[in-house]
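Student: Here's the letter readout for the chains.
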Amino acid sequence: MESLRGSIRGGVVKRAEDPRFVAGQGNYVTDMRVEGALWAVFVRSTVAHGTIASIDTSAAREMPGVVGVFTADDIPGSMPAVVRSLGEAAPRPLLARDRVRHVGDPVAVVVAESEREAVDAAEAVWVDYEVLPAVASLDAALAEEAELLYPELGSNVVAEGGFGPDEDVLADAEVVVTAEMHNQRVAPVPLETSNALAIPRPDGGAEVWLGSQAIHYTRNTISRALGIDRELLHVRTPDMGGGFGAKINCYREQVVVVALALKLGRPVRWHEGRAEGMLSMSHGRDQRQYLELGARRDGTIVGMRWSVTQDAGAYPLDGAIMAELTARMASGAYRIPALEFRWRGVVTNTTPVDNYRGAGRPEAAAAIERMMDLLAAELDMDPAEVRRRNFVPPDEFPYVATTGERYDTGDYAAALALALETAGYEELRAEQAERRRRGDRRQLGIGISSYVEVTAPGGRKDWGRAEVTPDGVVIYSGALSHGQGHETVFAQIASDILGVPFERIRFVQGDTDYVVRGGGTMGSRSLQMAGSAVTRAAEAAFEKARRIYAHNKEAALDDVVRFDDGRIGIAGVPDSAMSILEIAALAADPANLPPGEEPGIVVDEIYEQAEATVPFGTHISVVEVDIETGEVEILRHVACDDCGRILNRMVVDGQVHGGVAQGVGQALFEHFRYDADGNPLTGNLTTYLLPTATTLPAFEVVHTETPTDQNPLGVKGIGEAGTIGSTPAVVNAVHDALRPFGVRHLDMPLTPARIWEALRAARA
Amino acid sequence: MSPQRRAVSLVVNGQRHALEVVVHHTLLDVLRNDLDLTGTKECCAEGECGACTVWMDGVAVNSCLVLAVEADGRQITTIEGLSREGSLSPVQQAFLEEGAVQCGFCIPGMVMSAAYLLQNNPAPSEEEIREGLSGNLCRCAGYKRIIAAVQRAAEEGRR
Chain A
1 MESLRGSIRG
11 GVVKRAEDPR
21 FVAGQGNYVT
31 DMRVEGALWA
41 VFVRSTVAHG
51 TIASIDTSAA
61 REMPGVVGVF
71 TADDIPGSMP
81 AVVRSLGEAA
91 PRPLLARDRV
101 RHVGDPVAVV
111 VAESEREAVD
121 AAEAVWVDYE
131 VLPAVASLDA
141 ALAEEAELLY
151 PELGSNVVAE
161 GGFGPDEDVL
171 ADAEVVVTAE
181 MHNQRVAPVP
191 LETSNALAIP
201 RPDGGAEVWL
211 GSQAIHYTRN
221 TISRALGIDR
231 ELLHVRTPDM
241 GGGFGAKINC
251 YREQVVVVAL
261 ALKLGRPVRW
271 HEGRAEGMLS
281 MSHGRDQRQY
291 LELGARRDGT
301 IVGMRWSVTQ
311 DAGAYPLDGA
321 IMAELTARMA
331 SGAYRIPALE
341 FRWRGVVTNT
351 TPVDNYRGAG
361 RPEAAAAIER
371 MMDLLAAELD
381 MDPAEVRRRN
391 FVPPDEFPYV
401 ATTGERYDTG
411 DYAAALALAL
421 ETAGYEELRA
431 EQAERRRRGD
441 RRQLGIGISS
451 YVEVTAPGGR
461 KDWGRAEVTP
471 DGVVIYSGAL
481 SHGQGHETVF
491 AQIASDILGV
501 PFERIRFVQG
511 DTDYVVRGGG
521 TMGSRSLQMA
531 GSAVTRAAEA
541 AFEKARRIYA
551 HNKEAALDDV
561 VRFDDGRIGI
571 AGVPDSAMSI
581 LEIAALAADP
591 ANLPPGEEPG
601 IVVDEIYEQA
611 EATVPFGTHI
621 SVVEVDIETG
631 EVEILRHVAC
641 DDCGRILNRM
651 VVDGQVHGGV
661 AQGVGQALFE
671 HFRYDADGNP
681 LTGNLTTYLL
691 PTATTLPAFE
701 VVHTETPTDQ
711 NPLGVKGIGE
721 AGTIGSTPAV
731 VNAVHDALRP
741 FGVRHLDMPL
751 TPARIWEALR
761 AARA
Chain B
1001 MSPQRRAVSL
1011 VVNGQRHALE
1021 VVVHHTLLDV
1031 LRNDLDLTGT
1041 KECCAEGECG
1051 ACTVWMDGVA
1061 VNSCLVLAVE
1071 ADGRQITTIE
1081 GLSREGSLSP
1091 VQQAFLEEGA
1101 VQCGFCIPGM
1111 VMSAAYLLQN
1121 NPAPSEEEIR
1131 EGLSGNLCRC
1141 AGYKRIIAAV
1151 QRAAEEGRR
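Chains as they are written, first to last, in the working numbering: chain A, 1 to 764; chain B, 1001 to 1159.
To be clear, the hints were calculated from the coordinates, so they are not data collected in a lab.
Any given hint might turn out to be false.
[Said to hold, decoys possible] The following label-pair restraints were derived from C-beta to C-beta distances: (1) GLU1097(B) x LEU153(A): 55 to 63 Å; (2) ARG1005(B) x TRP126(A): 26 to 34 Å; (3) GLU1020(B) x GLU598(A): 56 to 64 Å; (4) GLU1156(B) x GLY458(A): 43 to 51 Å; (5) GLN1015(B) x TYR514(A): 36 to 44 Å; (6) GLU1097(B) x ASP471(A): 25 to 33 Å; (7) ARG1159(B) x PRO590(A): 55 to 63 Å.
[Said to hold, decoys possible] Selected chain A positions facing chain B (in silico; Cβ < 7 Å): (8) GLY24; (9) LEU191; (10) GLY242.
Backbone N, C-alpha and C fix where the C-beta goes; we use that ideal spot for every residue, glycine too.
Input sequences plus hints: build the corresponding full structure.
Tutor: Written as structure tokens, this is what we have:
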């Protein structure tokens, strides 16, 4: 690539953001100190489904420090629809008006001088509910005569769709494998919960600080919900303690906090507690899948049929239409000549389901990779071989799958080969055979997952700015890093292009006053879109500097070059060269400018990518299953990911590590559960198990690099790959260990109890 | 009724503070809200995540589970007290070197647990490091580099 000539690209550059974090100097919303700020605490529904008979706030109003208690009568209005096809149907009121639809639904809000006083007063608000039957599962929601969450819709099915030919997609199959799977509900659990701090301004607007992956979208949501001109809202996200998709859509509570600040004329802040956040922050996954995969006896796939039912939870957010993303990945890494996909999104009396790392795509990979193993088992083929026989071959890119998705570039067999080699596949199979032969209590399982992913699936446009001043360079980005390391990687890009030391580059994001526009960070889009915009902006800034230099030195533009040390000068005359910062000083004075040039060196660029990109890879998990207890230990996890060109290996591998951890969590531990009445059973971190330092292996991370043709950097997304690739590898590994015992398929999470039960049933 | 208060004296990062605290407030509340030491994070407030880890009389504790009145007369060390005169402690430096940080929210607690571990066991095995950090959740980074950072700090400490 032409523009990135510096030596730091592709190498390991330590992160610029880390010194403040290790010193405890990170600046998160809850760390901010604002004089005179009031605290908001929400009163939440304790029933899963019901109508509100009355709300008694009188006792709470008398409590010490209480400034006010507010209900839907005081703060009316609803959130703008997330699912546009629903229009104004199935509204999500800011505070529940007459009906509550899940445990945790906000009913009222208490504002007090201190957080503790607000907490105490919230407990003194009495809400009288007429309890309705709860539909807390897909079965309950789809039953005949089911209670309806939105009676006006006449059904709990709020969205549906699909595609497929008229003919039977399995007509040519010599063998058909089928399975019903549940990709279970999980909680995103960023360590920092949701929050907001709104400071009213004299002009009737507000400065709003909150943890958000997409501040412009959040600003527009607040503006629409409250009917305030968006120019009056200055929305900012400082450091943020994780999001994982759950901080893309704006929360009702955040809008209410802004409404309160405007109403009371004082700063108002809120942050949810963990147990509260387990119910009010959106959940992920929860998709039931019925799959049929048809093939010839030689392992060649002829067709596949998907039937997907997605639990959307109580309010239709992106979860209601999540299966559309699953559908885009329904062909996996394989040539599938005939494909049918039908889906429904269903509301239930549970926490709304929304985006969670991968969002619809891990669900696709989990299903298709499990089906590939079931096919391999049916045909008694090696699971690696059945994959090789069906991969989209390298010479067919760009490839358009039967899903309609365009696959940009790839070499799937190469990634599989590298993963197998790294794992030592043949030796592992030999050890497995030996353990099986001797009836070892600890059986070995080897699981393969050859995934593709669709990154930057939507919103393929973003903004960047390069501003060169005599003191240094400022890079502005429309993405919103919250652990992904943009502060480092985007500065690397600018440093390479502008020839300015890394230390002289400052990074600005997360501020709607300075960042003109931005799509935020989601869908593994940041480097592709905002990174490309920054690249183009820096390149244009460099060109402008060249023109200004040429004008001042009365040189022909063609003779003005960049020297190896980054300075700009006349070819062959290094003594004449100037740094771009020195040229920026010249550029400030109009007298030094060529005709038609604006003073200064500030360039804005919008980069629009024509298509999504399709990273890929193979993960191999090696597990030991104790067949007496059902316990699973992951011995090794090899991740071979191809995200196109790698700009910073440390950052890329970090994304893989975290993604794999979350993928393993879903495979083995995590499951957000409700009882039949819609009461949450896993509403804190004692009952909802997350991976810990003792439960994860040391991952082995390798890469192939197949650049994309979709952006100037040649990069694809990497933020979600680990989550997408790892889960099926672990699940397949456990089933591989259990295969001699006649256990065909178990749903996640693969807990010891579930495995033990299955082994016991299989023996009986 | 106004909440009951009690006078306590805390020595935090070597500095003595005489405070009137509400009896049901935790050490975490007091550190963050009364003393403005916001490096210590609140995450689960029930002792499951370790984000609020500090040292009390040299022992790592979840400050969300310690009432401020229980800390009366004790020596408290927070993340702000670990780096002295602007220079990072070896554990903090090792976290930087290994690229162990992502969103950063768990890191102060993680560093406090790691430093505590190394103080008591200067040459821990990988198993012991994992055990020592098992009370600290990280949702971003998958622990691999955090463990490597502790190993690096241990090696540096033996030189």
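Student: State for each hint whether it applies.
Tutor: Hints and how they fare:
1. Remark: the range hint 55 to 63 Å for GLU1097(B) to LEU153(A) is upheld by a beta-carbon distance near 56 Å.
2. The supplied range of 26 to 34 Å is met by ARG1005(B) and TRP126(A), whose beta-carbon atoms lie about 29 Å from each other.
3. Separated by about 59 Å at the C-beta atoms, GLU1020(B) and GLU598(A) satisfy the suggested range of 56 to 64 Å.
4. Range check, GLU1156(B) to GLY458(A): Cβ separation about 46 Å, and the 43 to 51 Å hint holds.
5. For the hinted restraint 36 to 44 Å between GLN1015(B) and TYR514(A), the CB-CB distance of approximately 37 Å keeps it satisfied.
6. Separated by about 29 Å at the C-beta atoms, GLU1097(B) and ASP471(A) satisfy the suggested range of 25 to 33 Å.
7. The beta-carbon spacing between ARG1159(B) and PRO590(A), approximately 58 Å, falls within the hinted interval of 55 to 63 Å.
8. Here the hint on GLY24(A) is kept, as its CB sits about 2 Å from the closest CB of chain B, short of 7 Å.
9. The beta carbon of LEU191(A) comes within 4 Å of a beta carbon in chain B, closer than 7 Å, and the hint placing it at the interface holds.
10. At a threshold of 7 Å, the smallest CB-CB gap from GLY242(A) to chain B is about 5 Å, leaving the interface hint in force.
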